[in-house]
Amino acid sequence: MGIFIAIFSNNPVFAPIIGIQTAGFFFIAYLSLAHSRFKRDKSSPPRRLTGEERTAGRVYRLAAGGIVAAIFLGVILAFNGYNEDIYPLDLARGHLTEVMRSTDPSEIPALVQSVKGHLPDEGNPVWIFQTSDTDWRIMQNQLDNMAGIALAVAGTAEDSAAYQTGMTNIKGSAQEIRQSIMDATPYAYVSPANILFSTVWIAVLIGVFAVLKQRKDKLQEYDLAQDV
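If you count the sequence shown from 1, position 150 lands on 150 in our numbering, and the numbers rise without skipping.
One thing to keep in mind: the hints can contain errors.
[What the hints assert, rightly or not] So the derived label-pair ranges between C-beta atoms look like this:
(1) Arg-101 to Arg-61: 50 to 60 angstroms
(2) Glu-107 to Tyr-87: 18 to 28 angstroms
(3) Asp-104 to Ile-206: 52 to 62 angstroms
(4) Ile-202 to Ala-162: 51 to 61 angstroms
Hints were generated in silico from the structure; no laboratory data involved. Model, not experiment: these values are computed from the prediction. Cβ atoms here follow ideal geometry from the backbone N, Cα and C, with glycine treated the same way.
I would like the entire structure built from these sequences, with the hints used as guidance.
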(Lines of atoms letter the chains of each structure in order from A and count residues from 1; the text may use other names and numbers.)
(Lines give C-alpha, C1' and ligand atoms only; values in the text may rest on other atoms or scores of the structure.)
Protein backbone atom coordinates (compact mmCIF):
# COMPACT_ATOMS: atom_id res chain seq x y z
CA MET A 1 0.00 0.00 0.00
CA GLY A 2 2.77 2.40 0.95
CA ILE A 3 4.56 1.69 -2.35
CA PHE A 4 1.49 2.59 -4.44
CA ILE A 5 0.94 5.74 -2.38
CA ALA A 6 4.55 6.79 -2.93
CA ILE A 7 4.34 6.22 -6.69
CA PHE A 8 0.98 7.86 -7.35
CA SER A 9 1.75 10.85 -5.13
CA ASN A 10 4.84 11.62 -7.24
CA ASN A 11 7.22 10.55 -4.47
CA PRO A 12 8.73 7.42 -6.08
CA VAL A 13 11.91 7.75 -4.02
CA PHE A 14 9.99 6.19 -1.10
CA ALA A 15 8.95 3.12 -3.13
CA PRO A 16 12.24 1.15 -3.13
CA ILE A 17 12.80 1.94 0.54
CA ILE A 18 9.38 0.64 1.53
CA GLY A 19 9.71 -2.31 -0.88
CA ILE A 20 13.04 -3.45 0.57
CA GLN A 21 11.71 -3.20 4.11
CA THR A 22 8.55 -5.14 3.23
CA ALA A 23 10.42 -7.90 1.38
CA GLY A 24 12.94 -8.16 4.20
CA PHE A 25 10.21 -8.43 6.81
CA PHE A 26 8.39 -11.28 5.06
CA PHE A 27 11.68 -13.09 4.36
CA ILE A 28 12.68 -12.87 8.01
CA ALA A 29 9.19 -13.96 9.06
CA TYR A 30 9.42 -17.02 6.82
CA LEU A 31 12.88 -17.98 8.08
CA SER A 32 11.89 -17.40 11.69
CA LEU A 33 8.85 -19.63 11.41
CA ALA A 34 10.75 -22.29 9.49
CA HIS A 35 13.67 -22.42 11.92
CA SER A 36 11.47 -22.24 15.00
CA ARG A 37 9.53 -25.36 13.99
CA PHE A 38 10.65 -28.44 15.85
CA LYS A 39 11.55 -31.41 13.65
CA ARG A 40 12.78 -34.69 15.03
CA ASP A 41 15.43 -36.60 13.16
CA LYS A 42 13.72 -38.82 10.59
CA SER A 43 16.13 -41.66 11.43
CA SER A 44 14.64 -41.86 14.93
CA PRO A 45 12.26 -44.80 15.41
CA PRO A 46 8.58 -43.86 15.59
CA ARG A 47 7.18 -43.61 19.10
CA ARG A 48 4.20 -42.28 20.97
CA LEU A 49 4.21 -38.48 21.37
CA THR A 50 4.51 -37.14 24.88
CA GLY A 51 2.14 -34.57 26.35
CA GLU A 52 4.84 -31.92 25.96
CA GLU A 53 5.21 -32.70 22.27
CA ARG A 54 1.46 -32.65 21.65
CA THR A 55 1.26 -29.29 23.40
CA ALA A 56 4.11 -28.02 21.24
CA GLY A 57 2.25 -29.10 18.11
CA ARG A 58 -0.83 -27.19 19.19
CA VAL A 59 1.29 -24.15 20.01
CA TYR A 60 2.85 -24.24 16.53
CA ARG A 61 -0.54 -24.45 14.84
CA LEU A 62 -1.98 -21.65 16.97
CA ALA A 63 1.11 -19.52 16.36
CA ALA A 64 0.92 -20.05 12.61
CA GLY A 65 -2.74 -19.09 12.64
CA GLY A 66 -1.94 -16.06 14.77
CA ILE A 67 0.76 -14.93 12.37
CA VAL A 68 -1.58 -15.24 9.38
CA ALA A 69 -4.29 -13.37 11.31
CA ALA A 70 -1.82 -10.63 12.24
CA ILE A 71 -0.79 -10.22 8.61
CA PHE A 72 -4.42 -9.99 7.47
CA LEU A 73 -5.12 -7.52 10.28
CA GLY A 74 -2.20 -5.41 9.09
CA VAL A 75 -3.56 -5.42 5.54
CA ILE A 76 -7.05 -4.46 6.72
CA LEU A 77 -5.73 -1.63 8.87
CA ALA A 78 -3.53 -0.44 6.00
CA PHE A 79 -6.57 -0.14 3.73
CA ASN A 80 -8.50 1.53 6.53
CA GLY A 81 -5.66 4.00 7.01
CA TYR A 82 -5.69 4.75 3.29
CA ASN A 83 -9.44 5.32 3.37
CA GLU A 84 -9.23 7.71 6.32
CA ASP A 85 -5.92 9.51 5.69
CA ILE A 86 -5.16 9.36 1.97
CA TYR A 87 -8.42 8.98 0.04
CA PRO A 88 -9.82 12.35 1.26
CA LEU A 89 -6.64 14.01 -0.03
CA ASP A 90 -7.12 12.31 -3.40
CA LEU A 91 -10.68 13.65 -3.53
CA ALA A 92 -9.44 17.14 -2.66
CA ARG A 93 -6.89 17.01 -5.47
CA GLY A 94 -9.62 15.92 -7.87
CA HIS A 95 -11.79 18.91 -6.95
CA LEU A 96 -8.80 21.23 -7.37
CA THR A 97 -8.29 19.82 -10.85
CA GLU A 98 -11.92 20.72 -11.59
CA VAL A 99 -11.24 24.26 -10.36
CA MET A 100 -8.26 24.55 -12.69
CA ARG A 101 -10.40 23.44 -15.64
CA SER A 102 -13.39 25.61 -14.81
CA THR A 103 -14.24 28.74 -16.78
CA ASP A 104 -17.29 29.60 -14.67
CA PRO A 105 -16.38 31.45 -11.45
CA SER A 106 -19.87 30.88 -10.04
CA GLU A 107 -19.24 27.14 -9.66
CA ILE A 108 -15.82 27.52 -8.03
CA PRO A 109 -17.00 28.35 -4.47
CA ALA A 110 -18.86 25.02 -4.24
CA LEU A 111 -15.78 23.15 -5.46
CA VAL A 112 -13.63 25.03 -2.96
CA GLN A 113 -15.97 24.04 -0.12
CA SER A 114 -15.66 20.41 -1.19
CA VAL A 115 -11.87 20.69 -1.05
CA LYS A 116 -12.02 22.30 2.39
CA GLY A 117 -14.22 19.49 3.66
CA HIS A 118 -11.64 16.87 2.69
CA LEU A 119 -8.69 18.65 4.32
CA PRO A 120 -7.90 18.93 8.05
CA ASP A 121 -8.59 22.35 9.54
CA GLU A 122 -5.09 22.73 10.97
CA GLY A 123 -1.84 20.93 11.62
CA ASN A 124 1.02 19.70 9.48
CA PRO A 125 1.42 16.06 8.41
CA VAL A 126 5.19 16.47 8.14
CA TRP A 127 6.23 15.71 11.71
CA ILE A 128 9.91 16.56 11.22
CA PHE A 129 11.43 19.53 9.34
CA GLN A 130 8.02 21.09 8.73
CA THR A 131 7.49 23.85 6.17
CA SER A 132 4.57 26.15 5.40
CA ASP A 133 3.99 24.33 2.10
CA THR A 134 2.29 21.45 3.91
CA ASP A 135 0.48 23.43 6.62
CA TRP A 136 -3.25 22.67 6.51
CA ARG A 137 -4.27 26.02 8.04
CA ILE A 138 -2.42 27.95 5.34
CA MET A 139 -4.10 25.84 2.65
CA GLN A 140 -7.50 26.47 4.22
CA ASN A 141 -6.85 30.22 4.16
CA GLN A 142 -5.78 30.04 0.52
CA LEU A 143 -9.00 28.22 -0.30
CA ASP A 144 -11.04 30.92 1.43
CA ASN A 145 -9.26 33.55 -0.66
CA MET A 146 -9.99 31.58 -3.83
CA ALA A 147 -13.69 31.43 -3.00
CA GLY A 148 -13.73 35.17 -2.29
CA ILE A 149 -12.06 35.99 -5.59
CA ALA A 150 -14.49 33.73 -7.47
CA LEU A 151 -17.48 35.49 -5.90
CA ALA A 152 -15.96 38.88 -6.72
CA VAL A 153 -15.44 38.17 -10.42
CA ALA A 154 -18.62 36.11 -10.94
CA GLY A 155 -20.57 39.16 -12.10
CA THR A 156 -17.89 40.63 -14.37
CA ALA A 157 -17.53 40.22 -18.11
CA GLU A 158 -15.28 37.40 -19.28
CA ASP A 159 -13.24 39.79 -21.42
CA SER A 160 -12.60 42.21 -18.55
CA ALA A 161 -9.22 42.59 -16.89
CA ALA A 162 -10.73 41.83 -13.48
CA TYR A 163 -12.14 38.52 -14.72
CA GLN A 164 -8.89 37.45 -16.39
CA THR A 165 -6.75 38.42 -13.40
CA GLY A 166 -9.12 36.77 -10.93
CA MET A 167 -9.35 33.48 -12.81
CA THR A 168 -5.57 33.42 -13.30
CA ASN A 169 -5.05 33.87 -9.56
CA ILE A 170 -7.60 31.18 -8.75
CA LYS A 171 -6.05 28.63 -11.09
CA GLY A 172 -2.55 29.45 -9.84
CA SER A 173 -3.63 28.99 -6.22
CA ALA A 174 -5.40 25.73 -7.09
CA GLN A 175 -2.23 24.40 -8.72
CA GLU A 176 -0.15 25.44 -5.72
CA ILE A 177 -2.48 23.83 -3.19
CA ARG A 178 -2.74 20.68 -5.29
CA GLN A 179 1.04 20.35 -5.30
CA SER A 180 1.19 20.96 -1.55
CA ILE A 181 -1.34 18.17 -0.98
CA MET A 182 0.72 15.82 -3.14
CA ASP A 183 3.81 16.67 -1.11
CA ALA A 184 1.94 16.06 2.15
CA THR A 185 0.31 12.77 1.12
CA PRO A 186 3.16 10.33 1.98
CA TYR A 187 3.63 11.95 5.37
CA ALA A 188 -0.10 11.74 6.09
CA TYR A 189 0.19 7.95 5.76
CA VAL A 190 3.51 7.61 7.58
CA SER A 191 2.19 9.38 10.67
CA PRO A 192 3.49 8.84 14.23
CA ALA A 193 0.33 6.84 15.03
CA ASN A 194 0.85 4.53 12.05
CA ILE A 195 4.53 4.13 12.90
CA LEU A 196 3.61 3.22 16.49
CA PHE A 197 1.08 0.66 15.30
CA SER A 198 3.60 -0.86 12.87
CA THR A 199 6.17 -1.10 15.66
CA VAL A 200 3.72 -2.86 17.99
CA TRP A 201 2.58 -5.14 15.16
CA ILE A 202 6.13 -6.22 14.34
CA ALA A 203 6.97 -6.59 18.04
CA VAL A 204 4.03 -8.97 18.48
CA LEU A 205 5.19 -11.11 15.55
CA ILE A 206 8.75 -11.17 16.87
CA GLY A 207 7.37 -12.17 20.28
CA VAL A 208 5.53 -15.10 18.69
CA PHE A 209 8.70 -16.23 16.94
CA ALA A 210 10.62 -15.96 20.21
CA VAL A 211 8.08 -18.16 22.00
CA LEU A 212 8.27 -20.75 19.22
CA LYS A 213 12.06 -20.73 19.34
CA GLN A 214 12.01 -21.19 23.10
CA ARG A 215 9.58 -24.08 22.78
CA LYS A 216 11.77 -25.68 20.13
CA ASP A 217 14.87 -25.42 22.32
CA LYS A 218 13.05 -27.05 25.23
CA LEU A 219 11.94 -29.96 23.06
CA GLN A 220 15.47 -30.43 21.78
CA GLU A 221 16.76 -30.47 25.35
CA TYR A 222 14.09 -33.04 26.21
CA ASP A 223 15.14 -35.26 23.29
CA LEU A 224 18.77 -35.06 24.31
CA ALA A 225 17.87 -35.98 27.88
CA GLN A 226 15.81 -38.96 26.63
CA ASP A 227 18.54 -39.86 24.10
CA VAL A 228 16.03 -39.72 21.20
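Violated constraints from the hint list, given by number and in increasing order: none
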